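Asker: Put together the whole structure using the sequences plus the hints.
Sequential numbering from 36 applies to the sequence shown in the working numbering.
Treat the hints with care, since some could be wrong.
[Said to hold, decoys possible] Computed cross-link-like contacts, SDA-like style, restricted to lysine to any residue with a CA-CA straight-line distance of at most 25 Å:
#1 198 to 176
#2 328 to 370
#3 198 to 249
#4 198 to 182
#5 384 to 370
#6 198 to 135
#7 328 to 214
Just so you know, the hints here were simulated from the structure itself, not pulled from any lab data. It should be emphasised that the depicted structure is a prediction, and the values quoted were computed from it without experimental measurement.
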Amino acid sequence: FLEHPYTVLKYAVLAAIGLLFFSVMIGAAWWSLRAARGIFRPVEHMELAMRTFQAGDAQARVGPLRSRDELGHLARGLDALLDAITEKTRALQAWNAVLDARVAERTAELQAAQDHLMRSEKLAVIGQLTAGMAHEINNPIAVIQGNLDLLRHTLGPQAEQVKTELDLAQQQVERMRLIVTQMLQFARPADFAGYVQEVDPAQALEDSLVLTDHALREGSIRVQREFAPGLRASINRQELQQVLVNLVMNAVHAMPAGGVITLSSRHQALDDGSDGVVLAVADQGSGLPESVKNGLFQPFMTHKKDGTGLGLWISRSIVERYGGDIRASNRSAEEGGGAVFTIWLKAIKTPADRSPASPPG
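Answerer: Structure representation (structure tokens):
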């Protein structure tokens, strides 16, 4: 009986020790898990940020952490590294864009230079061939013309009986001469260059009507004039006349059923300050097909059955030789439809345009 209290006390002490040990173990386990979570959570955040960044999200970051130890410093360092990588990537992309643009520009310039070289070589070969052909054609034309003159002289008054046939033959000879002249202008444009003159655009347009009067009357074409007064252009008068006659005849051919040709002149300054004069020839035809717009001023480009394809090319060569420009476009329905050819030439100031001299003193 005397040992019983000690036995109970012993078991109570052992139970208390066991409970205390168990509590300590639970506390240690809880603390270990908490510490482990504090260690692994920043690592998980860093891993997630790296995987997201690698997948293509340039904005992925670890973000602020509560941890103030080495892991926190590591996370902030990783964010700084990702920021630097993003900035470098943007800089590289910007440089790549600049380099791509420069490569595209240089490629376009190289292509343009190659096209120009090929076109020049082609035109040189065609020019030599054309000059030879023109020379060979000129000889039989001279023979035909001589025989026509001899035939008229031999027949004398009796030539009236075959006047229609002789006139038709003469017209064809003149047409062949015109074709030969165009071929020579294409082959040796410098040989046909004139000297610069002060030209009245309105008068030049009027003179072109005189030279095309027969075609205008035959085609039932009316002419509308819109001339600005007091303009002067810098170009050779005869060469400008050739260009305008070509444009008027093209307008006549564009309106086989008749219509109105509008001739106009006006002052126009360019964006670079160059003072100029614009001459325009507009028709009411069907307009320019899209398929021929780009090559309209190229040699041998024509959609007319009996055309040589040299008229517009020669016209452009003449205008550009004097520092001008020639363009073609289609007019809107409100403007009457059809096509319009515009020539820009350098202007010459008239005495009325020049500023008066300042009085002395």
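Asker: Could you grab the alpha-carbon distance between residue 198 and residue 249 and see if it respects the 25 Å cut-off?
Answerer: OK: residue 198 and residue 249 at ~19 Å, within 25 Å.
Asker: Between residue 198 and residue 182, does the CA-CA distance stay at or below 25 Å?
Answerer: Measuring from Cα to Cα gives roughly 15 Å; hence the hint holds.
Asker: Does residue 328 pair with residue 214 here, judged by a C-alpha cut-off of 25 Å?
Answerer: 23 Å, holds
Asker: Given the hinted pair residue 198 and residue 135, is their Cα-Cα distance within 25 Å?
Answerer: 72 Å, violated
Asker: Can you confirm whether the C-alpha distance between residue 328 and residue 370 stays at or below 25 Å?
Answerer: The given pair, whose Cα atoms are some 20 Å apart, holds under the 25 Å limit.
Asker: Hinted pair, alpha-carbon criterion (25 Å max): residue 198, residue 176. Please report holds or violated.
Answerer: 20 Å, holds
Asker: For the pair we were handed, residue 384 and residue 370, check the Cα-Cα distance against 25 Å.
Answerer: Distance of about 31 Å is beyond 25 Å: violated.
Consistency with the previously given hints fails for numbers 5, 6, ordered from lowest to highest.
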